[in-house]
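Use the sequences and the hints to build the structure in full.
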Amino acid sequence: MELIYDRLSRQAFGLAFRILGDGPAAEDVVQETFLTLWRQAHRLDPNRGRLGSFVMTLVHHKAIDALRSRRGMDTRQVPIDVELLEKGSSDVADRILQSLDRDAIRNALNAIPKEQRQPIEMAYFEGLTHVEIAEVLKLPLGTVKSRLRLGLEKMRTAFGVERVDDLRRS
Amino acid sequence: MICEEVEELAGAYALGALPPSVFAEVERHLSSCDKHDEIAELSGVAAALAATVPEMDPPPALKARIMEAIGSERSTAPQATDRPASDNWLRRLFGRRLVPYAFAGALAAAVVAVIVIIALPGGNTDPTGKGDFVKEFENGRITGTLVYTEEDRALVISAFGLDHLPVDESFQVWTLTDGQATPIGFLEPSPQIDGTVEGVGVIEGLDLTSGESIAVTVEPLRGSPQPTTPPLFEVQL
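Protein chains in written order, with my numbering: chain A, 3 to 172; chain B, 114 to 350.
Treat the hints with care, as some may be off.
Claimed, not checked - Pairs of lysine to any residue, SDA-like flavour, derived with a Cα cap of 25 Å: (1) B:K148 with A:T145; (2) A:K156 with B:E151; (3) A:K116 with A:L139; (4) B:K176 with A:D67; (5) B:K148 with A:V138; (6) B:K176 with A:A27; (7) A:K116 with B:G308; (8) B:K176 with B:V315; (9) A:K140 with B:P133; (10) B:K176 with A:D30; (11) B:K176 with B:T165; (12) A:K116 with B:A153; (13) A:K140 with A:E117; (14) B:K176 with A:E4; (15) A:K116 with B:E151; (16) B:K176 with A:T38; (17) B:K176 with A:L5; (18) A:K156 with A:E128; (19) A:K156 with B:E117; (20) A:K156 with B:V139; (21) B:K176 with A:P26; (22) B:K148 with A:A160; (23) A:K156 with A:A68; (24) B:K148 with A:L143; (25) A:K156 with B:G308; (26) B:K176 with A:G25; (27) B:K176 with A:S148; (28) B:K176 with A:E34; (29) A:K140 with B:E120; (30) A:K156 with B:K148; (31) A:K156 with B:V119; (32) B:K176 with A:R41.
I should point out that these hints are in silico values taken from the structure, not numbers from a laboratory.
As the structure is a computational prediction, the values presented were derived from the model and not from experiment.
What follows is the structure, encoded as C-alpha cells:
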C-alpha cells in the first residue's frame, strides 16, 4: 500500500487541493480515498488495469462531496459504489493518461472554446450540476448540456481516443 | 428516459454534474440500453481532467496516518485462510507479504526461454552481487525492467509487449533456484495504446539472496503452485 500511496499521493492531493482550496480538507479526502481503496479492494475487478485513473475518480468524488457539504448544498451524486465507478471509464482514462503527458492534457482543455471550457471546469472542479451552471452563467439549460458534451467531444478528439465503434470494426 | 434525452445529458453525466435523481434515471436507462458507448468515452475524457491539475506534496504525516489506519483495520480483520493466492489483485499488491508455499512433486521440466539481458550504461547495477540492482531484459517483443532494493526487500517488475489474457488467467511471477520454482506474486495488466499489455508487479518482503532467476508465466487467475506454462521471460539474477 505504501508504494501505491507513494506513486499516487501527489496527484491525489493536488486534485483534492485544487477542488477544496484547503490543505486539511484535502488531506482528509486523500485519507478517505486510500482507506476506501483498502476497504473495497475485494470488490474490484482483478483484471482491471492501472489504478491511477480509478483513484483520481475516487478523490474527485469525495472532494466534490466535501465541497458541496461545506457550502450547505445537497450531495451532487449518488454515494460511492466502487464497482460502479470502476465500471465506468477507467480504460479510456487509463489510455489517455498513459499516452499523453500532463501538459498535453492541459493544452487540450485550454484549446477548447471558453464557452465550452468554462462549464466543464465549473462541473468538474466546482462540483456544480448542469442546472446550477445554467443559473450561474444565465444560460438555457439545453445550451449548458450541449456545451458540456461538445467540449468533452473536442477534448476526446484532441486526445486521439479511438471511437468505440472504430475499435469494434478493427 | 429515452435515448435522445440520455445523449443530451452525456456530457453532464460524464462530468458527474447531474443531480442524484437525474443521474439515477440515466443509470437506469444505460443498464438496459447498449446504444450509448460514447458515454463511457466521454467519462474517460472527464476523468483525465484530473491530470490538468499540478501535483502537490501532501504533508509527510498524512502517509503515516493512512498506514496506521490501515494497519489498525488489518489487525482487526478476520485472518485469511491459507490459500494459494489472493483472489484480489490489490491485496496482492499491498495486502500481505507474499510467502512462497511448497508444492508437491518435482517441478516439471523448467523451460528456460532464451533471454538477452541488455546491459545499458548504468542499466545493470551490482550485476554479480545480490544488493540493489536494476536489470533490463528483452525476449522477442517483450521488454522490461527489474528493480530490486535490498533495504526494502522490494522487487518491481515492469514488462511491456505482453498479450492480453482471458479474464480467468494471470501473469504469475516466480523465483527459480536449483530448478525449483517458488511463486512470489503477480503482474497487474495494463492495456497499452498499441494493443499490447504492460505488466507491473511490486513484490515486497522478498529475499533474493539465493534466487538464480525471476520468471513470469501465464497461469490461472488465482495462480498455480508450480508453473504450468513456459516462461514468457526469465531474467538471470
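Verification of the supplied hints:
Pair hint B:K148 plus A:T145 holds up; C-alpha atoms about 23 Å apart against a cutoff of 25 Å. A C-alpha spacing of about 13 Å is found between A:K156 and B:E151, which places the hinted pair at or below 25 Å, so the restraint holds. Proximity of A:K116 to A:L139 is assessed by CA-CA distance (about 12 Å); at most 25 Å being required, the pair is judged to hold. Taking the CA atoms of B:K176 and A:D67, the gap is about 22 Å. The hint holds against a cut of 25 Å.
Between B:K148 and A:V138, the direct Cα distance comes to roughly 32 Å. Violation of the 25 Å bound is thereby established for this hinted pair. Simply put, B:K176 and A:A27 have alpha-carbon atoms about 15 Å apart, close enough for the 25 Å limit, and the pair holds. A threshold of 25 Å between alpha carbons decides the hint, and for A:K116 with B:G308 the separation of about 34 Å lies outside it, so the pair is violated. Our distance criterion of 25 Å between C-alpha atoms is met by B:K176 and B:V315, whose separation comes to about 19 Å.
Between A:K140 and B:P133 the CA atoms are separated by roughly 22 Å; this keeps the pair inside 25 Å, and the hint holds. Distance hint between B:K176 and A:D30 is fulfilled; the C-alpha atoms sit about 11 Å from each other, no more than 25 Å. Restraint check for B:K176 and B:T165: the C-alpha separation of about 24 Å stays at or below 25 Å, so the hint holds. Distance hint between A:K116 and B:A153 is fulfilled; the C-alpha atoms sit about 24 Å from each other, no more than 25 Å.
Taken as a hint, the A:K140 and A:E117 pair is honoured in the structure, with Cα atoms around 12 Å apart against an allowance of 25 Å. Of the supplied pair hints, the one linking B:K176 and A:E4 holds, its CA atoms being roughly 8 Å apart against a limit of 25 Å. Distance check on the hinted pair: A:K116 and B:E151 sit about 23 Å apart at the alpha-carbon level, within 25 Å; holds. With a C-alpha separation of about 15 Å, the suggested pair B:K176 and A:T38 falls inside the 25 Å cut-off, and the hint holds.
The hinted pair formed by B:K176 and A:L5 meets the criterion: a straight-line CA distance of about 11 Å does not exceed 25 Å. Between the alpha carbons of A:K156 and A:E128 the distance comes to roughly 21 Å, so the proposed pair stays at or under 25 Å and holds. A hinted pair counts as satisfied when its Cα atoms are at most 25 Å apart, and A:K156 with B:E117 qualifies at roughly 20 Å. At roughly 23 Å between alpha-carbon atoms, A:K156 and B:V139 fall within 25 Å of each other, so this suggested pair holds.
Proximity of B:K176 to A:P26 is assessed by CA-CA distance (about 13 Å); at most 25 Å being required, the pair is judged to hold. Pair hint B:K148 plus A:A160 holds up; C-alpha atoms about 24 Å apart against a cutoff of 25 Å. For the hint linking A:K156 to A:A68, the alpha-carbon distance of about 30 Å lies beyond 25 Å, and the restraint is violated. A C-alpha spacing of about 24 Å is found between B:K148 and A:L143, which places the hinted pair at or below 25 Å, so the restraint holds.
Taking the CA atoms of A:K156 and B:G308, the gap is near 24 Å; set against the 25 Å cutoff, the hint holds. Of the pairs offered as hints, the one joining B:K176 and A:G25 holds, with about 14 Å between alpha carbons and a cut-off of 25 Å not exceeded. Distance check on the hinted pair: B:K176 and A:S148 sit about 42 Å apart at the alpha-carbon level, beyond 25 Å; violated. For the given pair, B:K176 sits about 12 Å from A:E34 by alpha-carbon distance, which is consistent with the 25 Å threshold.
Under the criterion of a C-alpha separation no larger than 25 Å, the hint pairing A:K140 with B:E120 is consistent with the structure, at around 23 Å. Taking the CA atoms of A:K156 and B:K148, the gap is about 21 Å. The hint holds against a cut of 25 Å. Distance check on the hinted pair: A:K156 and B:V119 sit about 19 Å apart at the alpha-carbon level, within 25 Å; holds. Restraint check for B:K176 and A:R41: satisfied, since their Cα atoms lie roughly 17 Å apart, inside the 25 Å limit.
Consistency with the previously given hints fails for numbers 5, 7, 23, 27, ordered from lowest to highest.
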